[in-house]
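2 protein chains.
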Amino acid sequence: MPDAPFRRLALIGIGLIGSSLARAAKEKGGIADEVVATARSAATRDTVRRLGIVDRVEDTAAAAVAGADCVMLCAPVGAFADIAAAIAPHLARDAVLTDVGSTKGSVIRDVGPYVPDHAHFVPGHPIAGTEHSGPEAGFATLFEGRYAILTPPPGTDEAAVAKVATLWRNAGSMVEIMEPQHHDKVFAIVSHLPHLIAFTICGTADDLEEESRQAVLRFAASGFRDFTRIAASDPEMWRDVFLNNREALLEMAQRFTEDMTAMARAVRWGDASYIEDKIARGRRIRRRLIELRQA
Amino acid sequence: MPDAPFRRLALIGIGLIGSSLARAAKEKGGIADEVVATARSAATRDTVRRLGIVDRVEDTAAAAVAGADCVMLCAPVGAFADIAAAIAPHLARDAVLTDVGSTKGSVIRDVGPYVPDHAHFVPGHPIAGTEHSGPEAGFATLFEGRYAILTPPPGTDEAAVAKVATLWRNAGSMVEIMEPQHHDKVFAIVSHLPHLIAFTICGTADDLEEESRQAVLRFAASGFRDFTRIAASDPEMWRDVFLNNREALLEMAQRFTEDMTAMARAVRWGDASYIEDKIARGRRIRRRLIELRQA
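Taken in sequence, the protein lines are chains H and S.
According to the UniProt record's numbering, the residues represented by the first sequence are 1 to 295, in order.
According to the UniProt record's numbering, the residues represented by the second sequence are 1 to 295, in order.
A hint or two may mislead.
As the list claims (entries may be wrong) - The following label-pair restraints were derived from C-beta to C-beta distances:
| hint | chain 1 | residue 1 | chain 2 | residue 2 | range |
| --- | --- | --- | --- | --- | --- |
| 1 | H | Thr60 | S | Thr141 | 50 to 60 angstroms |
| 2 | S | Thr141 | H | Arg7 | 53 to 63 angstroms |
| 3 | H | Pro113 | S | Glu247 | 23 to 33 angstroms |
| 4 | S | Gln294 | H | Leu51 | 48 to 58 angstroms |
| 5 | H | Arg268 | S | Glu144 | 12 to 22 angstroms |
| 6 | H | Asp59 | S | Arg265 | 38 to 48 angstroms |
| 7 | S | Arg284 | H | Ala159 | 41 to 51 angstroms |
| 8 | H | Gly134 | S | Arg7 | 57 to 67 angstroms |
| 9 | H | Gly155 | S | Glu236 | 54 to 64 angstroms |
| 10 | S | Gly155 | H | Thr261 | 36 to 46 angstroms |
| 11 | S | Arg268 | H | Arg40 | 21 to 31 angstroms |
| 12 | S | Glu276 | H | Leu292 | 30 to 40 angstroms |
What the hints assert, rightly or not - A partial selection of chain S residues facing chain H, derived with a Cβ cut-off under 7 angstroms:
| hint | residue |
| --- | --- |
| 13 | Val115 |
| 14 | Val186 |
| 15 | Ser191 |
| 16 | Ile201 |
| 17 | Ala215 |
| 18 | Arg281 |
Don't read these hints as lab results, they were simulated from the structure.
By construction, the Cβ of each residue, glycine as well, lies at the ideal position given by its N, Cα and C atoms.
Take these sequences, add in the hints, and give me the full structure.
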């Protein structure tokens, strides 16, 4: 097993991502010598105890972070401000505080002000997940071959960034450094908007009268099904993502809605060449994804 | 091999669907004793000859339908009116004319007036496909376990409908009879709108400035990729589907755009419970698909 960059990792919140990292720490090593976890609900804490995937489960975030040299926020991003306020007084000297939230501007806004001078804040986002959620859904290989993005604010301690990068590399990920604003814009279009669309079209279908709704379920394989797969993800997490990447998401949603309106107009007026151009662009993007081995 | 309902099947156009049915006729039987095909382009006809998947390739639709007791239109639906005009004088007595188009109202509108009294018109739509197109992409098992929908106009000869149903059942499909208007409405939401959205969002992403576009390709796995898969389908076919299911598609696109606007408004004003309700509906639909084994 590779040397671990941290002695003790405290996971604040432990769902799909936290429990996968805990499993990777045990099975692959190179993450932390010891893993402590806490969760908001007693039921989740009991599940994690029963699963035996961490060394210790604490009832409070304050108790979990005591003595930890790495603290990782793995709860929905809407809870980060409260968690940061609760743990800040208990962070050890030179502790590295990081997170796995899908929005980075909001995390810097909500957590940054609480970080004491003697600790280091390295915001992060592992680009990994499945449509399942909760600590039982995790697995040790979740991060293999996936990107992990770090968005350290200017002036962040370089040794702290390097240690978090080592953690993710040892979990199997490719580490990228990005500006938080660029991260939020890119993920607004590659992830947040597709999820918003998927949830929306499920609602549109659900509003049809009964006979059509039954037929929608029966014939879903024709394309609709692909949209429902991404609509199966964790509700609380996605609610928080949408609300915490508001500006970038609304900008991309606005652009998309304009483009949908233009496309609908082309359908209405029979503008075949406009439609062909859009279809050709879709295929070109698909081809480039295949070339980049991302499809 | 089961008895075939037809003696000679003429495929007018032979891409993914036509070539899969030709292969099923040879490999599974129960389709037609003999399969003749034609295609608009000489290159496609040469490919089909080389593949050896039909008994005979004719250069014109008129020659292909001569003596056939079943004629199946497998070209993009926008070409159906011209094809119907070209083949009508050559249809054999009691020939069954059917099709595989994704829109049914337009096919009845475009083909119906040309069908001579001595032939029978049974519009159809096999719900099967992949993101690949062309005669080389076909395979004999494409229709297994998939629905095949027939939308015969009132008064259609029942024996003709039964023979087309037998053909699709022997190809492995479950046959359903639907009203053409209901078909077009249901497929507007389960298939045509998802494809329209997928092509549109690819265009939205493609319009970003270069740095973000590169990042979109790199991080596509976060949800965007699922949209590009369905955006890889045949351009000419989809252009024709959009233009030939105009009313139903525009109605569904309008409903969806209203729902997107409402969702964006909820994000803007921080209406968490509205967002949670939409996410819950998406998950409920996903769960019902899994129960129905359609997910």
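Tested hints:
In this structure the hint that threonine 60 of chain H and threonine 141 of chain S lie 50 to 60 angstroms apart at CB holds, the actual value being about 57 angstroms. Distance hint for threonine 141 of chain S and arginine 7 of chain H: a CB-CB separation of about 56 angstroms, consistent with the stated range 53 to 63 angstroms. Evaluation of the 23 to 33 angstroms hint for proline 113 of chain H and glutamate 247 of chain S yields a failure: the beta carbon distance comes to about 54 angstroms. Under the hint 48 to 58 angstroms, the C-beta atoms of glutamine 294 of chain S and leucine 51 of chain H, about 32 angstroms apart, miss the expected range.
Under the hint 12 to 22 angstroms, the C-beta atoms of arginine 268 of chain H and glutamate 144 of chain S, about 38 angstroms apart, miss the expected range. A C-beta distance of roughly 39 angstroms is found between aspartate 59 of chain H and arginine 265 of chain S, which places it inside the suggested range of 38 to 48 angstroms. The supplied range of 41 to 51 angstroms is met by arginine 284 of chain S and alanine 159 of chain H, whose beta-carbon atoms lie about 48 angstroms from each other. Roughly 59 angstroms separates the CB atoms of glycine 134 of chain H and arginine 7 of chain S, a value that falls within the hinted 57 to 67 angstroms.
For the pair glycine 155 of chain H and glutamate 236 of chain S, the beta carbons lie near 55 angstroms from each other, so the given range of 54 to 64 angstroms is met. Against the hinted window of 36 to 46 angstroms, the Cβ-Cβ separation of glycine 155 of chain S and threonine 261 of chain H comes to about 41 angstroms, which satisfies the hint. About 28 angstroms separates the C-beta atoms of arginine 268 of chain S and arginine 40 of chain H, a value consistent with the hinted range of 21 to 31 angstroms. Range check, glutamate 276 of chain S to leucine 292 of chain H: Cβ separation about 35 angstroms, and the 30 to 40 angstroms hint holds.
Nearest Cβ of chain H to the Cβ of valine 115 of chain S: about 25 angstroms, over the 7 angstroms cut. The hint is violated. Interface restraint check: valine 186 of chain S against chain H, minimum CB-CB distance 4 angstroms, threshold 7 angstroms, status holds. With a cut of 7 angstroms, the hint placing serine 191 of chain S at the interface with chain H holds, because the nearest CB-to-CB distance is about 4 angstroms. Interface restraint check for isoleucine 201 of chain S: the shortest CB-CB distance to chain H comes to about 6 angstroms, inside 7 angstroms, so the restraint holds.
Annotation: alanine 215 of chain S was flagged as interfacial toward chain H, and the flag holds, the nearest CB pair being 4 angstroms apart, inside 7 angstroms. Using the Cβ-Cβ criterion of 7 angstroms, the hint placing arginine 281 of chain S at the interface with chain H is satisfied: the shortest such distance is roughly 5 angstroms.
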